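S.K.: So you can see what is in the structure, the chains are spelled out below.
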Amino acid sequence: MESAIQTSNYFWVIIFGYFALVLGFGSFFARYNKTTQDFFFSGRRFSWWLVTMSIVATGVGSHSFLKYSAKAYEHGFSSTMTYMNDWFFMPLFLFGWLPIVYYTKIRSIPDYFERRFNPGVRVLATIAILGYMIGYIAIGFLTMGKTLEPLLGLDLYTIIFIVAIISGVYITFGGQTAVIFTDLAQGFILIFAGILVFLLGLNYVGGLSVFWNALSPEFKLPLAHFNDPANFNFVGIFWQDGVAGSVGFLFMNQGLIMRFMACKSVHEGRKAAAFNVLVLLPISTVVVSNAGWIGKAISIVTPEAWNASTKLDHVFTQVAYLITGSEVVFAFVIAAVAAALMSTVDTLINAVAAVVINDVYRPLVKNKDDKHYLKIAMIVSAGATVVGAVSTIFFNNFPTLYEAHGFFHSTMTPPLVVAIFLGIFWKRYSTPAAVATFLGGAILMWIGSKYPQIFISPFDHGIEFNPDRPYSYIRALYNTLVCAGSGVVVGLLTTPPSEKNTEGLTVWSLDKAREFFKGSAPNDRPGKPVHVKWVVGDHETDEAFFSINDMDVMGADEGDMVYLSDERKWLGGLKSVHAVYGRPHTEDGVVYISNTQLDSGRFDSDKRLSAEKEL
Amino acid sequence: MLDFSRTWLPYLYLYGAGGAIFIIGMIIILRARSLKKERVRHNTWLHVLIFGFLYYMGIHGVFTFLALGEFLFASLIILIILGLIGNLYFIFNKNSKVVN
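Residue numbers (our numbering), protein chains in the order written: chain A, 1 to 615; chain B, 1 to 100.
Think of the hints as simulated: they come from the structure by calculation, not from any bench.
Given the structure is predicted, the values throughout are model-derived calculations rather than measurements.
Treat the hints with care, as some may be off.
[What the hints assert, rightly or not] Straight-line alpha carbon distances no greater than 20 angstroms define the calculated PhoX-like cross-link-like pairs of lysine-lysine that follow:
| hint | chain 1 | residue 1 | chain 2 | residue 2 |
| --- | --- | --- | --- | --- |
| 1 | A | 271 | B | 94 |
| 2 | A | 533 | A | 575 |
| 3 | A | 512 | B | 94 |
| 4 | B | 36 | A | 271 |
| 5 | A | 512 | A | 500 |
| 6 | B | 37 | A | 105 |
| 7 | B | 37 | A | 271 |
| 8 | A | 607 | A | 575 |
| 9 | A | 366 | A | 105 |
| 10 | B | 94 | A | 518 |
| 11 | A | 569 | B | 37 |
Take the sequences, apply the hints, and build the full model.
M.R.: Structure (structure tokens):
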């Protein structure tokens, strides 16, 4: 196959240099994996800023650059809608789902379903979530293949094969710590590359005012037309993305949940989530969309430079090639798209391994030591990569990537999202009600897809019926309502679960979840962090011993939980450990830790520690 | 064609339906005492949550006015957002050292 865009050795040096860097990162941080807890959750040690940057790289998939650039070129600034409608669910996430998953120490989302309901519901949830994630991995690989196909002149499946091997290697050996640190770097690369494209694009068209004045008022509106056209309208996208998509991403994305569980505390998790939505999502939406806006401006200001026959899915590549004016910069931008793919896929592969180990393998093969499960987790990571790559054959049958993606959002998300939501916030929600949500909801969704003019049209908000792709977005409203309706009706007709069985598992009993996490009543007395010198004591318990005065400053009592970390904040908690306050001594500014804690925390002898009470 | 369905109806629907979801969420977490106003950190979070809603409402408002060429209204909203950010910064500064 002939390469559409000619490239020289510089291009390949940068691309391969980038991949080598990624592999090196994964291998370096693999040494921090000692247990499955480290492999999946990084020992719950990281600061919010490290986690939030890595979330950017997970949220911005490679499909984002292609998909949103295409929509931005076609419909203007309203391409930002999907990134700018996530705040509505933040109260329920920050003070509902996040503390529940953190404090109950669930290993996976299906694990929550077993605790809240029974093993049968766990199986339903496992099937739903694995199907969802494997599909996402496949779409990620397929996108990468399609992006690079015209550029490299290689066969689609050869590209997928190469990318899958590279992704598989570092996630298999690196685990969650590798994912977080690799994604941290990739998050910065993504944002930098996207902003670079925007600035170079503005320069190309003649500056900000030329850019702004070239675009029509309609193009510049931040929200789409209410219900027209059928393939891009506000109300459909609100229900499909703003509601089903946002809740799906925040509440049922196992990969994202694992990121938050890698935070050193719930408070840090909240900070990571809030900063992400308030600051990084608005930046990210510009990063993934701006090539489309620039492309439109170029087509108006310098139409002779723009290839009018450019396919929508190629807008990003076309704009990047036009405006960079240098092969080196162009290679960097393409490497950023590769970063987007790697960082989305690596998270999902790690998440699939977590679900398979914790929800399928552990229940079947019990009483093995942790090293055994860690080894199996690595094998499953490699297997998930292979299955994802092979599944691209199925998804390549969809007419466009956008439709393949839409298929997932509209069919896989609603039952799981509704079950999580009702499970957390509705005390009456019983096991039969959860089963009804999955099975009854699925049946009604299928009926709706067979007879959309009868069942979905009452919810269409005036959107035109397109017989080829009926109600592609607004069907999410119907699907969500029938899943919720099935669950609510059965919930009202069956006996509610006892309070004891749901303790700590709903938002109404979070104090119990905190108590469960700590093992005793939480201590909410205000306090402040202290900086101390560490000394290895002769104890081998999980206790750390502070002075009476230091504990007083921290507002801590014996038996409370403490988080100790290297005082260098820029390490983001990489060198840190959780402990329990032991009997206090009288040496102010000194903490006695055990050899195990020293080994786990990897503390440097000449560096002091920062200590703060957790609970 | 810049009719009401293209300009302000999506905005009103977004912050009407989305606002209802947000308010229900706030009521649930306050009634469940998952967010306890008397805890210093939680009190800060209460402010952050309300700020976030107004912040997004403001951003969408600013860009709608800018697209329509109403620069005065856009500037006023930008000033309000800056005021809200200043207020939040003040609250953060006051409460940031306390672990509770």
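S.K.: Give me the numbers of the hints this structure contradicts, sorted from smallest to largest.
M.R.: The structure breaks hints 3, 6, 10, 11; every other hint is satisfied.
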